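> Read off the chains here:
Number of protein chains: 2
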Amino acid sequence: MKKLIIASTSTIHGSGYLEYLLPTLADFFAKTTTILFIPYARPSGITYEAYTEIVKKAFAKIDKKAIGIHEFDNPKEAIQKAEAIFTGGGNTFELVNQLYKKGVISDLKEVVEKGTPYLGTSAGSNICGVTMMNTNDMPIVYPPSFDTLSFIPFNINAHYLDPNLNSKHMGETRETRIKEFHVFNTTPVLGLREGSWLEVEDDLIILKGILSARLFQPNKTPVELKMDTVIKL
Amino acid sequence: MKKLIIASTSTIHGSGYLEYLLPTLADFFAKTTTILFIPYARPSGITYEAYTEIVKKAFAKIDKKAIGIHEFDNPKEAIQKAEAIFTGGGNTFELVNQLYKKGVISDLKEVVEKGTPYLGTSAGSNICGVTMMNTNDMPIVYPPSFDTLSFIPFNINAHYLDPNLNSKHMGETRETRIKEFHVFNTTPVLGLREGSWLEVEDDLIILKGILSARLFQPNKTPVELKMDTVIKL
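For the protein sequence lines, the chains are F and P, in the order given. For the first sequence, position 112 (counting from the first letter as 1) is numbered 112 according to the numbering used here, and the numbering increases by one without interruption. For the second sequence, position 59 (counting from the first letter as 1) is numbered 1059 according to the numbering used here, and the numbering increases by one without interruption.
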């Protein structure tokens, strides 16, 4: 029984870390005492220790204990024995790089497929897709592969942003970038706006949160999916 | 005698393709009749043919002929024999991917180091740095390496954007991303705003155009470089 929450962001504007998600997480982690935290994405290059402290404080608010994977001698074993897992945001290239280097990709895939509850935010959500090819992050390290965990049959574009029609900047919009992706790839992409998330139970994928999401498929006009939509591809 | 123009963008707001650069290019390519165009970056997934047509029209305005590298049987030979070379913008991952796949990285490096004039815009400028790790593009394909041509001893962040202080979006600013890069890498990064470019003659690198550029070095406060600054690192 696969069970995931895949969130666009950990933090919405004007609110604390994970704050908007805590009621949902209290329910999602109802049977969980301790959550294994994977800090590999290191937002702004923060240390594993400092990142884990932030997460420990947030989860303490719903009486959960978080432990960083770096606090274990053996990360594979830590994943295999975890009650629940949270992978936080940061740089997706470095996250994927470390997951491969530490040899834990297959463990993570195995336990989550078997039912260990998984929460991802931002980079931690990107890796739930087929590949990390729709990340917005800068390629600051070279991972051995862009292939990720395929918990869902499409890719995530976290922090999805609508085009700014007033901008004089000539860089590509998010939609242009995703359309470019579909010149070279067929995997559908879900643009998940900040404040929205997916609830996944096995093959049932439901859009939650306060905003619609934008689904991109090759050779099709993008569509807006409303809150509570069951996503079928 | 290395001779390059490394521009942030091909196009500035409200102006035609390469238009703002044409007076500079007429001078830069004064002794050149024919320019070899490398269309591998395929902006929005446009075909090599369609992209080359746009470039041919732009260069016709200054009486230069552009020929796409795909019009030659042997791309290595095309580079070796080129009078001058222009690599256009688009997706840096796909550009670098094709340069490696077609085996032309070493040829491009060799002829430009020996004096074949080179123009890059956007992705075509990113590859002039040590690595492509400061691209803003989406990783829509997996290139065999992020290493690039090292024509200059630092990396380029093209289309550099200042933080939008009014934004409620929680995604990283460009400055945050470049600082993250410096947690893992020591190569300096030049944030080149749209409308600015570098003129390179051997080791002399001068900032040109209408805006200052922002230089990021590890463990240093970023600095603004004014127009006409000679960049020394």
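Keep in mind that the hints were calculated from the coordinates and are not lab data. Treat the hints with care, as some may be off.
[Stated by the list, open to error] Derived SDA-like pairs (lysine to any residue); straight-line CA-CA distance at most 25 Å:
#1 F:Lys179 x P:Asp1027
#2 P:Lys1168 x F:Glu201
#3 F:Lys101 x P:Asn1185
#4 P:Lys1061 x P:Lys1102
#5 P:Lys1057 x P:Asp1027
Remember, it's a predicted structure, so these values are computed and weren't measured experimentally.
> So, for every hint listed, does it hold in this structure?
Against the structure, the hints come out as follows:
no., hint, result
1, F:Lys179 x P:Asp1027, "37 Å, violated"
2, P:Lys1168 x F:Glu201, "31 Å, violated"
3, F:Lys101 x P:Asn1185, "18 Å, holds"
4, P:Lys1061 x P:Lys1102, "31 Å, violated"
5, P:Lys1057 x P:Asp1027, "18 Å, holds"
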